[in-house]
Amino acid sequence: MRVARWTRTSKLFTGGTAAVAVALACVPLVFESDLVQKLTTLLILVLLAAMWNALAGYGGLLSVGQQAFIGIGAYGTVFFADHGVTPYLAMVLATLLAGAISLPISLFALRLRAAQFAIGMWVIAEVMSIIVRLDQNLGAGTGISLIQMNQYEPNFRQAYTFWLALAFTVIFLVALFLLLRSPLGASLQAIRDDEDAARSLGVRVAARKRLLFVLAGFGCGAAGVLVVANTLFIEPGSVFSVQWSAYMIFMVLVGGLGTFEGPIIGAILLFAIQTTFTQGGPWYLVGLGATAALFALALPRGLWGTVEERLGLRLLPVGYRVVEAKGEERAA
Amino acid sequence: MTLLNAALQGVFLGAFYAVLACGLSIMFGVMRIINLAHGDIAVFGAYVVFVIVEHTGVSAFVAFAAALPVMVVLGYLLQLTVLERSLKGGILTPLLATFGLSIVIQNLLQLTFSPDVRSLGGSAGALTTASWQVTGGLSVSALGIVVLVVAVLVFGALQVFLSRTRFGWMMRATAEDPDAAELVGINSRHVYASATALAVATAALGGFFLAIRSVFDPVSGPTQLIFAFEAVVIGGMGSLWGTLLGGIALGVAQTLGAQVHPQFSVMAGHLLFLVVLIARYGGGRIALRVAR
Amino acid sequence: MTLLKVDALDCRYGLLQAVRRVSFEVEAGETVALIGANGAGKTTLLRAIAGVHRPNGGRVELDGVDITTLPAHRRVGLGIALVPEGRRLFPSLTVEENLRVAASPRRPGRWNVRSVLDVFPMLQQRRRTPAASLSGGEQQAVAIGRALMSNPRLLLLDEVSLGLAPIVVDAVYRSLAGILSEGATVLLVEQDLTRALRVAGRVICMLEGRVVLEGAAAALDRDHVVSAYFGLRKPA
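Chains as they are written, first to last, in my numbering: chain A, -5 to 326; chain B, 4 to 295; chain C, 3 to 238.
Note that these hints are calculated values from the structure, not bench results.
From the three backbone atoms N, C-alpha and C, an ideal C-beta is built for every residue, glycine too.
Possibly wrong hints are sitting among the right ones.
Short derived list, chain C residues pointing at chain B, Cβ under 8 Å [unchecked claim]:
1. Val54
2. His75
3. Leu84
4. Phe92
5. Leu95
6. Pro110
With the rest of the complex left out, here is chain A (with noise of 0.2 Å):
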């Protein structure tokens, strides 16, 4: 009996992730800006629910707040453009500024139980948006637009715009799949299963939790960079949106809670039913809100969760796997 990390099923598909990547980046290449641009809204989808999940999944801490990130990444990308900075290069620096904001918060924010963190974090969102609807240079209330765009072509805009997008995407991803294959990833995973037990084990918790909500805040502000980047247009009213975590939310629940692949799976899942109801409206919202809470209350797991349990499988090799002498294999 030996432990194994790779198993043939996930070595095929993470073979076949990397390849699809590759696909991914020549899209720009043979499809419309339009899909290119549809596209690049689910990538940030997929990022959002990836950086919600290694939040809740992984470090146990609920956010309905993460829009406060994606608040500053957006607006911060305006306002380095405004100051001379080239579009792309602002981008990135408004997502390391957002990361960098996170750190102070993680100071005090992580210290919270479960309701106050949660809500704390909306209120910091909301502070952000009161601070941005204050500032004329910042389009106050009725919103601003990332003109300095305008000097790209748009079909080579669009294309920059997904190339970028699907390096946040990958990058973030690559971050936190390393993350949780290291010793780090295991005391994470221990940590999510039953803090006390692990602190007592000399797991620095603390600190692991830091971890996940700077990179939350990174990965979060990057995803508020790709949407102005995206829309060129962007307002407090809805970037600093708690609708943000909700959308996260459905992700995460309906995907699986805790799992690699499932926020994905959701971010696919909100994808496909956004551009089929984009005439839904509220009746959409409902059903969004109500899945969420049903998966809440049935179906913790979410749907990858579940499969996974049933099965026994697991794609991309984040765990551990007890592989009996026989060569058969179980899940660890």
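Chains B and C: place on chain A using the hints.
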């Protein structure tokens, strides 16, 4: 004098926040649940009153009296259907489930009524407009007094309920040790459902006050939730009178903030909340403490 | 007449089997002591009889009525009262409130606040003291009194001597003696073997979830009991 008047108006505003926050505090005290749909339930209550007024033409107060039993029953059912299940899930489950519920309520309201902003100030009679000038520079509105008096009465009644009635003791007992409560013959499910019913009733009262002193629309809920939560945290989680004081503190912070800059009022409240939150590293103890 | 009948009861905590196919009966008026080492399943068994632990198999019958799926608070109404391990009083409620909160299922009987305080006179002065401020012995008295308030037919006592000084335990048992002598049906868990054998008419010994010994207290050989307690095999 304007500062003092602002503070006075803040007290009136704060009393309204306290009423909104009351139910949140009850549910947290008894079940350790923070109901993220609380604000939306308050707004739902406002809409129920609105419907009654629209269909019967009675004054908003009468309509509220009629709406109250409906809300109480809905609250009881809410516990038995959704919240009870979420209690078994873990710490995050109630937050997630009530968040989903919040979205459902907001959008169902949006579908039933238009996104238009409404108010019931007109149906509340002279109360909404009457006011007096006390000395120079201090203005006291009839509505403000009514809300303040009602707030004190509601909190006082709850206090008496919890410290002097058998059912109040049963509620505290179930809050402190639901297992042991069952062992002495207390039906914990009924106690929890009653607590939720009580919370929803006070939320409806808060929604009613929102409707007559200001405006509301289907998505007003989250704002009320945030104010209610801020009031609870500022006053100390788990303390009933703390919630009243916290509400008032929040109201005063907001009105004083408005003196600094008109758009600063809500921000001032947020900052007070964050300062208290940080200073306490996460709020007070969980046990429901009743001041003796 | 059989008051309590436990039939092939199975209780689990997740994967851990705490009670394995336990069967026994308690006659009205009997005092039965449940003994056994820590982890033998005694507390779980009492909790299952009281209704706060859902069994995975088997039946519990009170006076011929199947109460296996009945929630705990309903069982109190039928006449079962458990004094839980560790007292579990309601900390912010006073002595009197702790007693009166337990009087909800109004069963006929002689127990009320006055009669409880008569049996535990040291509580008279402490009527309005919050339970959290009481001493261990006082808390135990309140816990027993609280169970009595529902005028139970079957009184379950879980380790009333736990954490108390011997003098205090003596006092508690003296008060209990009065209750026992009135013909109550009692099933008690007691770590102290001597006390258990002294106070009970019958003894049931459990080990790792099973009943390993059962018999009249007077008739049992002490060594026999001890070896059953620890699971030692008697030499042939």
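Here is how each hint holds up against the structure:
1. The beta carbon of Val54(C) comes within 6 Å of a beta carbon in chain B, closer than 8 Å, and the hint placing it at the interface holds.
2. Restraint check, His75(C) versus chain B: the minimum CB separation of about 5 Å is within 8 Å; hint holds.
3. Hint status for Leu84(C) relative to chain B: holds, with the closest Cβ pair at about 5 Å, below 8 Å.
4. With a cut of 8 Å, the hint placing Phe92(C) at the interface with chain B holds, because the nearest CB-to-CB distance is about 4 Å.
5. Given hint, Leu95(C) at the interface with chain B, holds; its Cβ is 6 Å from that chain's nearest Cβ, closer than 8 Å.
6. A cut of 8 Å between beta carbons decides the hint on Pro110(C): the least distance to chain B is about 15 Å, and the hint is violated.
Hint check: a violation occurs at hint 6 only; the rest are consistent with the structure.
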